[in-house]
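Taking the hints into account, I'd like the entire structure generated from these sequences.
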Amino acid sequence: HLLADDAATVRDIASLVLPSAFVGNQMNTDLLEDVATVEPAEGGAQTVRYIIAQEAQWSDGTPITGSDFAFLRRAITNTPGTFNRAGYQAISAIRTSGGGKTVDVDFTEPVAQWHQLFSHLLPSHLIQDAGEGFRTALYDAIPASAGRYMVRAIDRQRGMITLSRNDRFWGERPATIELLTFHDARSTSRAGEFLRTGQSVFMNLRPTETLVDTFNLLPGTDVRVSDTDRTLELVLNTNSEALGTPAQRAKIFELIDVPLTARLATGRSANLSVAKETTYQVDGEATEITGPLRFAVDPADDQSVAAGRVVVDMLAAAGIEASTVTTDLGSMLKDGLPAGDIDGVITRTRNATGVLSLADRYGCELALSGWCDPETENYLDQLMAGTIEFDPTWSEQLNAQQALTLPIVHENRVEARTTGIVGPTEDVAAWPGGIASASNWRKNETG
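Residue numbering for the sequence shown follows the working numbering, starting at 23 and increasing by one per position.
To be clear, the hints were calculated from the coordinates, so they are not data collected in a lab. The structure displayed is predicted, hence computed values, not measured ones. Where a beta carbon is used, it is the ideal one built from N, C-alpha and C, also for glycine. One thing to keep in mind: the hints can contain errors.
[What the hints assert, rightly or not] Quick list of simulated restraints, FRET-style, between CB atoms: (1) Thr-441 - Glu-200: 18 to 24 angstroms; (2) Arg-228 - Asp-177: 17 to 23 angstroms; (3) Asp-151 - Thr-441: 46 to 52 angstroms.
[Claimed, not checked] Listed below are the simulated DMTMM-like cross-link pairs for lysine to aspartate or glutamate, each with C-alpha atoms no more than 20 angstroms apart in a straight line: (4) Lys-123 - Glu-215; (5) Lys-298 - Glu-276; (6) Lys-298 - Asp-413; (7) Lys-123 - Asp-28; (8) Lys-465 - Asp-189; (9) Lys-356 - Asp-28; (10) Lys-298 - Glu-433; (11) Lys-356 - Glu-387; (12) Lys-123 - Glu-77; (13) Lys-298 - Asp-279; (14) Lys-123 - Asp-177; (15) Lys-298 - Glu-263; (16) Lys-298 - Glu-418; (17) Lys-298 - Asp-249; (18) Lys-356 - Glu-263; (19) Lys-123 - Glu-55; (20) Lys-356 - Asp-323; (21) Lys-465 - Asp-244; (22) Lys-123 - Asp-27; (23) Lys-356 - Asp-56; (24) Lys-465 - Glu-437; (25) Lys-465 - Glu-200.
Following this line, the structure appears as structure tokens:
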């Protein structure tokens, strides 16, 4: 749910241990008996009714109820840097009946993409009173599961996460493999050794210069490289005194060599999806940019840190003083960007490929760039309501005119599978969700 924690492994584990109202745009029939729009509450624009299966429960035996829906909505709307926040902010009330198993969600305005909400519900009874709650409660453990697996152990020192089959799972097709162990490969040679010796049967890794070549040499190994929905970007802050106009922001972007930044940030040339060049068409001339500029980077993301250093060096070569500030993304979103203390941030963002992600990127009080514009808000409101069609080029056009973000490199992942497991199909490329489909795997007893 948090931009700061978004990563392939986090998504995979969440899909295996946490329940969602919809999976792949289809109602999750394990969690829900029914879901439909009903007559709106008085004064409301839309009401969606979820009927939770009576058997649905957390792994500690606590029933899944409307309290879990309400907690997730409250946590997301009160926490900067969350996904689908625009959709949850449109909710005015969550009402429950039938022992908490019937959940009526009231909206102040129509949300056509409501089925994208309430993914990866959390055990509210265990975390809603925990300190900072949403941001930190799941740092060391997920205390209860309602998926086919549950978190058994997290060993940060050894780089291992172990999931065990959730024997309280009530739905169809329980997991067949009892234990799943996630290892941090940490190097290309170690990843190859894991597969070569049978210590691992599936890999999902960030590419290195030689990773694909290493995997392709291993007999009986299927390999694929695919882009994700994330991009490393430089996002400039419209609240910055030094970069308050589109012309000033465009001038900064024009000084940055994107292909070179992508190579130096990732440390590779192989399997590198460099973002296409953006032509900025802003009004007016840029006034002198007075530094020093401050760009925030998350110390937990080595590629963002490396990209930040490259950007600073390129600006220095053009006579503009700049520096990087290492801070966690949550603090930066809460304080640094709104106050204008940070001139920009280099981070990975999800691509705006849908209505809710577009609203998160450009909506008032939601945009990482601080962008807030009445015309944009009106357009997003119509999109949210479904009264106009989604235009995938709109975001590019707005960015070209306002110079808000500079895409640098699209994230891609390398997946490799050995003959040690049998998945949903023979073709690994057709496996839905990669590791997220592990509940459908079985061991290959024939080798």
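Violated hints - listed by number, lowest first | 4, 7, 14, 15, 22, 23
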